[in-house]
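Using the sequences plus the hints, can you model the full thing?
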Amino acid sequence: MSNKHKLYQAFATGLGIELDSVKDELAYNSIPQWDSTAHMILIAEIENQFDVMLDTDDIIDLSSVQKAQSILGKYDVSFN
Amino acid sequence: MFFSWPTDWNNNTAVIEHDRKLTYAQLQELVEQYKEQLGNGRQLVLLVVHNNVQSVAIYLACLQSQHVVLMVDASLDAPKRAKLCDAYQPNWIVDEYGLHKQHAAQHLLDERVAVLLSTSGSTGSPKQVALSVENLQANAQGIASGLPIAQSDITITTLSMAYSYGLSVINSHLQCGASILLNEHSVMSREFWQALEQHKVSSFAGVPYSYEMLIRLGLCKKKLADLRYFTQAGGKLAKKYVQQLADFANAQNKQFFVMYGQTEATARMAINAEPEHYPESIGYAIEGGAFLLIDEQGHSISQNHIEGQLVYQGPNVMLGYAQSVVDLAHFEPASQLVTGDLAYRDEQGRYFISGRQARFIKPFGNRISLDDVEIWLQQQGVDGLATGDNDELWVGVCESSHLELTDLKNKLQQQLNLHPSKIKIFSIDAIPLTSSGKTDYPAFKQLISEVSG
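Chains as they are written, first to last, in UniProt numbering: chain P, 1 to 80; chain E, 1 to 453.
These aren't lab readings, by the way, just hints derived from the structure by calculation.
Be a bit skeptical, because a hint or two may be false.
[Unchecked claim] Taking lysine to aspartate or glutamate pairs in the EDC-like style, the calculated list, with each CA pair at most 20 Å apart, reads: (1) E:K409 - E:D429; (2) E:K409 - P:D20; (3) E:K411 - P:E18; (4) E:K409 - P:E18; (5) E:K411 - P:D35; (6) E:K222 - P:D57; (7) E:K236 - E:D389; (8) E:K221 - P:D58; (9) E:K424 - P:E18.
[As the list claims (entries may be wrong)] Derived, one-sided and incomplete: chain P residues facing chain E with beta-carbon distance under 8 Å: (10) A12; (11) G16; (12) S36; (13) T37; (14) H39; (15) M40; (16) I41; (17) T56; (18) I59; (19) I60.
[Claimed, not checked] Take a look, some chain E residues computed to stay more than 12 Å from chain P by CB distance: (20) E17; (21) S145; (22) P333; (23) L342; (24) D389; (25) T434; (26) V451.
Glycine included, C-beta positions come from ideal geometry on N, C-alpha and C.
Laid out in structure tokens, this is it:
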């Protein structure tokens, strides 16, 4: 499974939405499902999928699917 | 009263919203304007609650003019809000766009009723807890005497004011002439952490889930020089987290209070001021209140370490429940509140919650009534049952219902506004029954544990 697919899957599970509705532009608070409660579940899901431990600033900054990719880049997860 | 204050506080800062600061005198001016707009005669006001100056001022205007205010969290979606309006026929709806007069008919309202709060904010159930000014005042005082709230304090809101614990933070700080930073950002937003430092916040409150987030975000490694104390209520926080927070408080010379309450008691009943020694205790009843334990026959238990149903007595016990505007005409308040929790006490009189008899769960601090879930299932034509552990909902659906379980889960998720990871649906042959013909929940739980391994 590509990293991109893994990430999309993590968003679908973490936010409880269909895989089809996950896209790079999807942003925090833009859909009712992505609220602060779901955000922590999403973070746990992403950490599990990629076996990383995000630090405080990254958890707070992870405000879109696009942004998640650039943050994970710092943890040596590549999306190219 | 906490909603009308002495003139020597006139120059104290009462509320802060972003860069806007209002002193107690300025807040009162705003309250006067809203009182004028709402008019004479007792009005029923549905307030769509934000943590902002307008919501605080409308709330206070209602209290000062003896109107009745129904507090509705702003996150409640439009169809659910419309249902509440149908049930309560408010004279006014106040939302972020202003005050909207609905009708001038005078409802029959018990002279004591002042505030209506939901026990399960996110489901939009019409069931409300009716509270009097005496209830609110007693609880504001009880809390203010149990916590070290000082006039020079500034607290930050982390919970909705439509939620009893959130509202009690507002009331107890107004009672003391302290300042309230009205915040709507989640504890995991940058804005929240910046506000803590920028405004030199001296206290905050949180439910178990807020603290799980705060700990995950490294709260215990922060140096928050201005923070004096913090409180936790709204459900049982896991012992390991209570200990981490108590250690953090000790190491940095702060105080940590664990509290116990219910909306039916206008928010809070007990405070544990020593969580470092007794992380699983709820402490002692707040000033003005008292606990007792009763056995299955309803007799009071006098021995220590014997489990019984926890009963609370105090001036903050609600007037009663309401399901619609008709119920607001008259209340016959009970003298005590049967909490639905099981508890025991130790030799020093501290109380410990040991279980729950009442049928509800509390995922992310939101109370969800399992009986309401079963009623909802029935309305959907589903033969099933609902139970759960503290923060997960377990639903059993009879195969004869011929249902697509994923569909049901989606609907349930919307209805309850609950994350799907907290809903588990199981297909069962039939609803297990006890010999007396009642739903056998333990048997269902047994079944689930076998299936889930």
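Hint-by-hint comparison with the structure:
About 19 Å separates the Cα atoms of K409 (chain E) and D429 (chain E), which keeps this hinted pair within 20 Å; it holds. Restraint check for K409 (chain E) and D20 (chain P): the C-alpha separation of about 18 Å stays at or below 20 Å, so the hint holds. Distance restraint check for K411 (chain E) and E18 (chain P): the Cα-Cα separation of roughly 14 Å lies within the 20 Å cut-off, and the hinted pair is therefore satisfied. Proposed proximity of K409 (chain E) and E18 (chain P) is supported: the alpha carbons are some 13 Å apart, at most 20 Å.
Proposed proximity of K411 (chain E) and D35 (chain P) is supported: the alpha carbons are some 18 Å apart, at most 20 Å. Restraint check: the Cα-Cα separation between K222 (chain E) and D57 (chain P) comes to about 13 Å, which is no more than 20 Å; the hinted pair holds. Distance check on the hinted pair: K236 (chain E) and D389 (chain E) sit about 12 Å apart at the alpha-carbon level, within 20 Å; holds. At roughly 16 Å between alpha-carbon atoms, K221 (chain E) and D58 (chain P) fall within 20 Å of each other, so this suggested pair holds.
With a C-alpha separation of about 18 Å, the suggested pair K424 (chain E) and E18 (chain P) falls inside the 20 Å cut-off, and the hint holds. Given the 8 Å rule on beta carbons, the hint for A12 (chain P) is violated: about 10 Å separates it from the nearest Cβ of chain E. Annotation: G16 (chain P) was flagged as interfacial toward chain E, and the flag holds, the nearest CB pair being 4 Å apart, inside 8 Å. Interface restraint check for S36 (chain P): the shortest CB-CB distance to chain E comes to about 3 Å, inside 8 Å, so the restraint holds.
Interface hint status for T37 (chain P): upheld, as the beta-carbon distance to the closest one in chain E is roughly 5 Å, under 8 Å. Annotation: H39 (chain P) was flagged as interfacial toward chain E, and the flag holds, the nearest CB pair being 6 Å apart, inside 8 Å. Checking M40 (chain P) against chain E: minimum C-beta separation of about 6 Å stays under 8 Å; hint holds. The restraint placing I41 (chain P) at the interface with chain E holds, with a minimum CB-CB distance near 6 Å, inside the 8 Å limit.
Taking 8 Å as the C-beta cut-off, the interface hint given for T56 (chain P) holds, the closest approach to chain E being about 5 Å. Annotation: interface hint on I59 (chain P) holds; nearest CB of chain E at approximately 6 Å, less than 8 Å. Of the supplied interface hints, the one on I60 (chain P) holds, with its beta-carbon coming within about 5 Å of a beta-carbon of chain E, less than 8 Å. With a least beta-carbon separation of about 19 Å from chain P, E17 (chain E) lies farther than 12 Å from that chain, consistent with its non-interface assignment.
Under the 12 Å C-beta cut-off, the non-interface status given to S145 (chain E) relative to chain P holds; the minimum distance is some 32 Å. Against the 12 Å criterion, P333 (chain E) stays outside the reach of chain P, whose nearest CB is about 35 Å from its own CB. No Cβ of chain P approaches the Cβ of L342 (chain E) within 12 Å, the least distance being about 28 Å, so the stated non-interface status holds. Chain P leaves D389 (chain E) outside its interface by the beta-carbon criterion, the shortest separation being 17 Å against a cut-off of 12 Å.
The claim that T434 (chain E) lies off the interface holds: its Cβ sits roughly 35 Å from the closest Cβ of chain P, which is beyond the 12 Å cut-off. Consistency note on V451 (chain E): stated as away from chain P, and its beta-carbon is indeed over 12 Å from all of that chain's, at 21 Å minimum.
Comparing the model with each earlier hint shows a violation of hint 10 alone; every other hint is respected.
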